[in-house]
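> Next come the chains, spelled out residue by residue.
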Amino acid sequence: MTNTDTAMLAASIQPPPQKKGFSFGAFWDSWGIASVLVVLVIVAVILEPDFLSMGNIQSILRESAYLGIVACAMTFAIMNGTFDLSVGGQLALVSVVTLFAYGVGGTPLALAAAIGTGIACGLINGALVTALRVPPFVATLGMLFVFRGIAYVLTQNGPAVLPYSEVKSPFAQIGSLNVVGIPLTFIIMLLVFGVGYVVLRRTGTGRKVIAFGSSPLAAKFSGISAARIRLFVFVILGLSVGIATLTYITRVWTADGSAQDGFELRVITAAVLGGASLQGGKGSLVGTFSAVLLVSVLNDLLVSMGVGASYQRIILGCVLIVALAIDGLRTKFPGSSALRKALSFRNKRVATAG
Amino acid sequence: MTDHAALLEVTGLTVEFPGVKALDSVGFDVRPGEVHALVGENGAGKSTLLKVLGGVYQPTAGSITLAGSPYTPSKPHDAIAAGIAVIYQEFTLFPDLTVAENVFAGREPFGKFSRGIHYKQMRDECNRVFKTLDFDVDPDTRLGDLSVSEQQLVEIAKALSVDGRVIVMDEPTAALSQSEVERLLEIVKKLRDEGRSVIYVSHHLEEVFAVADRATVLRDGTHVATLDIADTDQDQLVKLMVGRDVKSVFDRDKSSFGEVVLTVDGLTSGRSLRGVSLDVRAGEVLGIGGVAGAGQTELTQAIFGALPIRGGTMTLDGTPFAPSTPAQAIARGVGFLHDDRKTAGIFPHLSVAHNLTATILEKIRGWGGLLSTSKEQGAYNGYRDRLRIKASSSSQLISQLSGGNQQKVLLGRALAPGGKLLVLNEPTRGVDIGAKAEIHQLVNELTASGVAVLMVSSDLPELLGMSDRIVVLSQGAVVGRLSGEDRTEENVIACATTDRRIGVTA
Amino acid sequence: MTVLAPTKKKSSISFVQEALRGLPLAIPLALVVIGLAIGAPGFLTSTNLENVLFAASVLVIPGLAMTLCITMGEFDLSIGSTVALTGAVACTAIASGMGTGVGLVLALLVGAIVGLLNGLIITKLGVTPFIATLATLVIVRGVAQAFTNGRDVIVSDPVLKYFASGRPLGIPFPILLAIVALVFMLWLTYRTRFGRWVAAIGSNRDAARLSGLPVDRIRILVYVIIGIAGALWGIMISAQLQKGSGQLGVGFELDAITIVVIGGTSLLGGRASVVGTVLGALLIETISNGLNLLNVPPAYQRISIGILLVGALAIQAIRRKVPVEALDDKH
Chain F
1 MTNTDTAMLA ASIQPPPQKK GFSFGAFWDS WGIASVLVVL VIVAVILEPD FLSMGNIQSI
61 LRESAYLGIV ACAMTFAIMN GTFDLSVGGQ LALVSVVTLF AYGVGGTPLA LAAAIGTGIA
121 CGLINGALVT ALRVPPFVAT LGMLFVFRGI AYVLTQNGPA VLPYSEVKSP FAQIGSLNVV
181 GIPLTFIIML LVFGVGYVVL RRTGTGRKVI AFGSSPLAAK FSGISAARIR LFVFVILGLS
241 VGIATLTYIT RVWTADGSAQ DGFELRVITA AVLGGASLQG GKGSLVGTFS AVLLVSVLND
301 LLVSMGVGAS YQRIILGCVL IVALAIDGLR TKFPGSSALR KALSFRNKRV ATAG
Chain D
355 MTDHAALLEV TGLTVEFPGV KALDSVGFDV RPGEVHALVG ENGAGKSTLL KVLGGVYQPT
415 AGSITLAGSP YTPSKPHDAI AAGIAVIYQE FTLFPDLTVA ENVFAGREPF GKFSRGIHYK
475 QMRDECNRVF KTLDFDVDPD TRLGDLSVSE QQLVEIAKAL SVDGRVIVMD EPTAALSQSE
535 VERLLEIVKK LRDEGRSVIY VSHHLEEVFA VADRATVLRD GTHVATLDIA DTDQDQLVKL
595 MVGRDVKSVF DRDKSSFGEV VLTVDGLTSG RSLRGVSLDV RAGEVLGIGG VAGAGQTELT
655 QAIFGALPIR GGTMTLDGTP FAPSTPAQAI ARGVGFLHDD RKTAGIFPHL SVAHNLTATI
715 LEKIRGWGGL LSTSKEQGAY NGYRDRLRIK ASSSSQLISQ LSGGNQQKVL LGRALAPGGK
775 LLVLNEPTRG VDIGAKAEIH QLVNELTASG VAVLMVSSDL PELLGMSDRI VVLSQGAVVG
835 RLSGEDRTEE NVIACATTDR RIGVTA
Chain H
861 MTVLAPTKKK SSISFVQEAL RGLPLAIPLA LVVIGLAIGA PGFLTSTNLE NVLFAASVLV
921 IPGLAMTLCI TMGEFDLSIG STVALTGAVA CTAIASGMGT GVGLVLALLV GAIVGLLNGL
981 IITKLGVTPF IATLATLVIV RGVAQAFTNG RDVIVSDPVL KYFASGRPLG IPFPILLAIV
1041 ALVFMLWLTY RTRFGRWVAA IGSNRDAARL SGLPVDRIRI LVYVIIGIAG ALWGIMISAQ
1101 LQKGSGQLGV GFELDAITIV VIGGTSLLGG RASVVGTVLG ALLIETISNG LNLLNVPPAY
1161 QRISIGILLV GALAIQAIRR KVPVEALDDK H
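Protein chains in written order, with the numbering used here: chain F, 1 to 354; chain D, 355 to 860; chain H, 861 to 1191.
There's no promise every hint is true.
Claimed, not checked - Computed Cβ-Cβ distance ranges for the label pairs, DEER-style: (1) L880(H) with E540(D): 34 to 44 angstroms; (2) G308(F) with F464(D): 25 to 35 angstroms; (3) P1028(H) with D432(D): 48 to 58 angstroms; (4) G961(H) with D261(F): 29 to 39 angstroms; (5) L880(H) with F464(D): 42 to 52 angstroms; (6) S726(D) with D261(F): 43 to 53 angstroms.
The hints are simulated quantities; they were obtained by calculation from the structure and are not laboratory data.
C-beta: ideal position from N, C-alpha, C; glycine also.
Just need the whole structure built from these sequences, with the hints factored in.
Here it is as structure tokens:
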């Protein structure tokens, strides 16, 4: 059984009276990434002449949607103490199926196919984890291969495409339509986050998701059904992929088994940047939302500065590390100076081992 | 025949963290060949003091000398090298390694040339030390396969193996059964007779009086007194610890009992429960006693639907009761307190309010099926007042509360669905004296209002003082039913560990 | 009167027992081999079997390093990118005339540096391994691509080739290297203090600190080992392909982790299954090879590996009757 020095310390001393006033730790938890986003936007306005142009902003928002929608669901998963490494494969598969469905039955069938396939993928993952008791890391890793494989099989004779002739169709418009200047895909993302926030913070199910992630055993003895909650989490992940696909293929118009390689890692990166802790019990939808936009703005800024794709990756990786280093330095506990530093941030993560 | 010159001397020790002074100018000394008890409520500073001795924390001010020379460990390794072995409450052991590897962790003998570990040497040394402890275990056993008390003996063996001059034990009996406690106390005396010093930290004053030579009382991070055990008694120590006159912790008045709420008939589950039968009436406290691992945990979990039952039946309020999940038990009005607060009780990332309402999420719904903040706040406030929970606000993180207050929140969670049966597992384990009394008081109030309570406790005075009737378990079977005058410490131990049977048809 | 609770001897573990923890994997492996021997034409030829062993050996070396890391309770997602970077470095050095020896040394050095970087970020900055190595995966991949300017570095070097097609003692070099690595890793894991300390950290990291183990130093060292193993992998791949490229190794880390997990090493740490990792590599490569022989399209191969991975652990978990609450790996 592991314990933490800080946990033992916290258990053995009376809590100091809660000081009113500014606590950096609490501020950073809720608004840290959002603040960085604001700073980055200011930097971008300075460095990139066209940053604030309508077209550019629209493009950034439009492109963020599919990553954001899945990141929202992934935040749920990480707060629940799990994650899904197969979302990239799900995206490829759902894209392929949806494009095929469009070719067969038009927009209604395509919509149904996207949502349906997504949910089906989620159900499979959920069943593996709950009924067959496969650890999520392994189950979703395996299904990543399987989903991509199926997508490859389905596109053996060539990638699935949305024909150019359809570009003005309502379906394709999902990806390019602007409503009062705001891209439709971004509005969908806002809606998803809005619903997600309400479900997470204001429903019993959301509370159970977080509680289970915080302490699975305590959840069991509080009458929370582990299987049901886990299944819920994986299904909404699948559903989110379904919705995200609609915002994705309506811009990209083609898909096969190789679509979005590495997507799952980008999604998890966004959620973790946004404050979700892989230990469970901790996360922030506001943070994830900001993180997604942060990544998009950063991307846009780097492209406009002519930074090559490879350097973009380097910078993105470093951003991730810096963000987490700030986090990590707060929770590291060996050595009294780090302990003091950690405690000065109110030690919100007493139970989270580094 | 203790040498009165001090071996370990602590002077003016102060440990400060931002916002809180954990230790304030504490001073005491430990003589060679002495058992020195360290007592105090939770939050008194005992743990911090141990961590300083163990090299985990550095003091802000003050000094420590060991055999006359300054002792300033900057990391745990220094403490071990100096001969100070601290056995923390949560063991510093590795479940996946063998016993021998655990005893020698960090100091494995190895070949200078081949760099390989000398396993034979480790094994022989282990056997040698185990013999002195009367401990019969193969050093190649995987540590995780041993029981808690056996693991503790491994910790002690570790301390002996480094020839520890000062052995510090932090709440060593928290997870032990009565007989294991007695064995431990014998070992402590033995260590003292060998000339070693033992610093013994414990909430259980009976143990302190059974084994210690002197006791130091800490309160709120300061040194209150150091007394010879022979010159004092439990009441005086309690008074010094708490700073006020505390009336007897147990105050069980015999109320009248109502209808039978729970019956258990022939409950069987694997080898941990073998045909257990009992009943609990409204307004009554039924205590469950026995050696650790006798089936108490399994019994309560089976009643709560957290353990599958292979045989036997139960009824609740006269109707058949067979929950297959805790949710079903909760729905039928059963409240449950787990014995392991840290891993199976609290949700460490959540607030006290969220922790408390975890079992009544349906009840705090507002419009549209969403959770209502006002209802949740109302529920929390109600229990905060009733249970006297000390928290700065309903949104304070439960991890910042003391053990006793956390326990109260969990009690609130168990009570919130409003049931008529409360199942308590070690309700005051790791809880300081003040909160302990409050929890017992609460149990009294609950039974006065007609709630039936099933209580498992390894704290014998608590078990005897709070129970109206006692059922003693041993190896999954009922070996004693004690009521009235039969409720004595001797009877409980006798039934639990020998062939004696009371109130049970053989 | 003291009342003693009875003590009893428990089952003990011997090192042979522990080292062979992964042996149950031999059964599915045997089944697959038999199945392919019967159903797949050309499977049992010595050339083909050698190919399987070859491919498995290349995978075994990073797999063994990863076993060490997972036993510690952590993992390293960046090894695939290390493969690309180190291969590119070696080939670039060779192509610019610095000599094969220099190229190899540089590659190993770069691998070690990547490992050191991982180790430092994780220990000194306190970032969890999953995220830290995720970030370095991205960063190192970026560095590899920038370094090669997006172009492959073609070489034609006999010394480098030796790493792929050389046959010391008549056995292909990678296979020999794998055997050496296996023996070394068995000794390291079970017979040295370092190996036991790695297991200790995986078993209870806080206890490791309190026991005075140099936890941070050990963790950094493990990541450096993985970095070097990644460099070896990069060298062998580049030797096979006779080129270095910023695109190599994508997804390799998942292969390495897969064989470790299938092999029986627990993701929670503390229990290594060294032999299991080797068997895992054999199993994966045998299945891959078999599916190739049966002309199964690559897509189906991916599916089968996925199902295999999932199935292996489902069986493990069901046999242990793991409740859903206990499935989380705390990283």
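> Look at each hint and say if it fits the structure.
Hint check results:
Checked against the hint of 34 to 44 angstroms, the C-beta distance between L880(H) and E540(D) comes to roughly 41 angstroms, which is consistent with it. Checking the proposed 25 to 35 angstroms range against G308(F) and F464(D) shows it is violated: the Cβ atoms sit about 50 angstroms from each other. Take P1028(H) and D432(D): their Cβ atoms lie about 49 angstroms apart, and the range 48 to 58 angstroms holds. For the hinted restraint 29 to 39 angstroms between G961(H) and D261(F), the CB-CB distance of approximately 35 angstroms keeps it satisfied.
Remark: the range hint 42 to 52 angstroms for L880(H) to F464(D) is contradicted by a beta-carbon distance near 24 angstroms. The beta-carbon spacing between S726(D) and D261(F), approximately 45 angstroms, falls within the hinted interval of 43 to 53 angstroms.
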